[in-house]
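The primary structure of each chain is shown beneath.
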Amino acid sequence: MRRHLLSVSILLALALAGCPRETRSFHAPASESARPETVRQVSLQPGAALPKQAASGPYEGNAWAISQGERLYEQYNCVGCHFHGGGGIGPPLMDEQWIYGGSGQNIHDTIVQGRPNGMPSYGGHIPDGQVWMITAYVRTLSGQVPKPERPTRNDELFPHPSEQAMPRKTPKPAQADHPG
Amino acid sequence: MNAGMNAGMNGIHWIGRHSALHAHGIEAARIGHLWWLMFWVCSTVFVLVMAATGFAITRRPDSTGLPGPVAPRSRLWMTRVVAGAVGLTIVTLFVLLFASVATGRAVASLGAPSAVVIKVTGHQWWWEVEYQDPQPSHIVRTANEIHIPAGRPVLIRLASNDVIHSFWVPSLHGKRDLIPGHDSQLWIEADRPGTYRGFCAEFCGHQHAHMGLLIIADRPDRYAAWYAAQLQTPPPPASPLEQRGRQVVEAAPCALCHTIGGTTASGSLGPDLTHLASRRTLAAATLPNTAANLGAWIVDPQAAKPGNQMPANSLAPGDLQAVVAYLESLR
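Protein sequence lines correspond, in order, to chains A and B. Oh and the first sequence: position 172 is 172 in the working numbering, straight run, nothing missing. Oh and the second sequence: position 24 is 24 in the working numbering, straight run, nothing missing.
Chain A with its partners taken away, still in its complex shape (with noise of 0.2 Å):
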């Protein structure tokens, strides 16, 4: 009995070095810059359509880079248009509506090039490594990257669940059919 006890403490502390402790990379990413693939606007291709990769940025399964995207989405104002996921001024963030595309590549060009009637071009002006924490995070409001890397708690008074709390929502496709 002892020594069934004994080993199984040690496979259970060996199980819990094999735990990966998540790192904090304080040097942006350098595959940034490089676009991981093309972002199609349309659906239409010559041929058969080629297989859509999920380019969902560096951050995704970054807690502590999506936790940034929060403060940074607060501090750079988005809120002041999209508001806390809900929308006002601009589109709500928190369905699964995505005019421009829901992937993260999409929701990183439409930071970076701006789309017509109202969203602002901030290419140059934020760093490319903080467009894509915001763009994480912008993307926990649907609840499109994985639960355990969500904030657990909302920083402002606003009575929707935490995004950690926030029900996964499948991306539509929007009118214009864009493959997102």
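Hints listed in this document are in silico derivations from the structure and should not be mistaken for laboratory results. There may be inaccurate statements among the hints.
Calculated from the model, a selection of chain B residues having no Cβ within reach of chain A, i.e. all distances over 12 Å [to be verified]:
1. L48
2. T89
3. P237
DEER-style ranges, computed between Cβ atoms [to be verified]:
4. B/Q247 x A/S25: 30 to 36 Å
5. A/A165 x B/A228: 54 to 60 Å
6. A/G80 x B/P306: 29 to 35 Å
7. A/V42 x B/D177: 56 to 62 Å
8. A/K147 x B/P306: 51 to 57 Å
9. B/P317 x A/R24: 27 to 33 Å
10. B/A51 x A/S25: 56 to 62 Å
11. B/T290 x A/P46: 53 to 59 Å
12. B/A106 x A/R24: 57 to 63 Å
Using N, Cα and C, we set each Cβ at its ideal position, and we do this for glycine too.
We have chain A already, so just place chain B on it with the hints.
Frame of chain A, contents of chain B only:
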């Protein structure tokens, strides 16, 4: 670059006096007196206790190897000694309590109506400094460096923007916590001109150890001259290089977080840079304020202070030189 930075960082820890036992202000002196009182009382108690223990250990046992029976006369004597020691302990504790309360009351306020009022806000990981004045055009904003007139009481209002910090300038006063949503205050007075180093004394995150500040006490006339200079808008760029630097600062990410008076840069997330070149240090008393450190800091702030909120900036080499030249002109 890194080696140079490290050398600079090693050197800078010796800017400014910082010892609670070398008081340069009336309040630090009171705290110092209390410290010495406690030191001598506790040392005396320690010596007496050790002497009594030594006496008990070396008391000669009787032939059986056990402490012998105590004679009635000795018993009376021992009772008196123990009672006396208990009484002395109580009196000593009350003396220390009284001294602490008296010191605490004395340092709580200097209560001067004509004090300089400075609002200090803690950020991760730097200090925002705002000299308050009823007239908005007389408000001075700076960071990580507080100039005060020597010999005049200064009221420091403390606030925090994110987590709990603690403001501690050992040569001038004790610690006071900065708690988000709960403003506190602290009176300081430096009795002679000098540079005093301050610290964040409450663990506040990754770069807590690099959250320093300088308090520079000047003669009143020099302080007035400094204040007048800080109220001025910095002169327009003198050379084409500085002109280019200003354009880059206004258009590049800098302007989203920093303010420079007289320009369109009006961000409020990072330190005010209006008179950056007049300050002695960069990055909250982490690096000496030199052109080389400034350039290295702009390109890769994460090398000197990993985890701080300033992102790396990839500027073209010519632009970096221009930005450094422009920022160095902001006296």
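Ascending list of hint numbers which this structure does not respect: 8, 12
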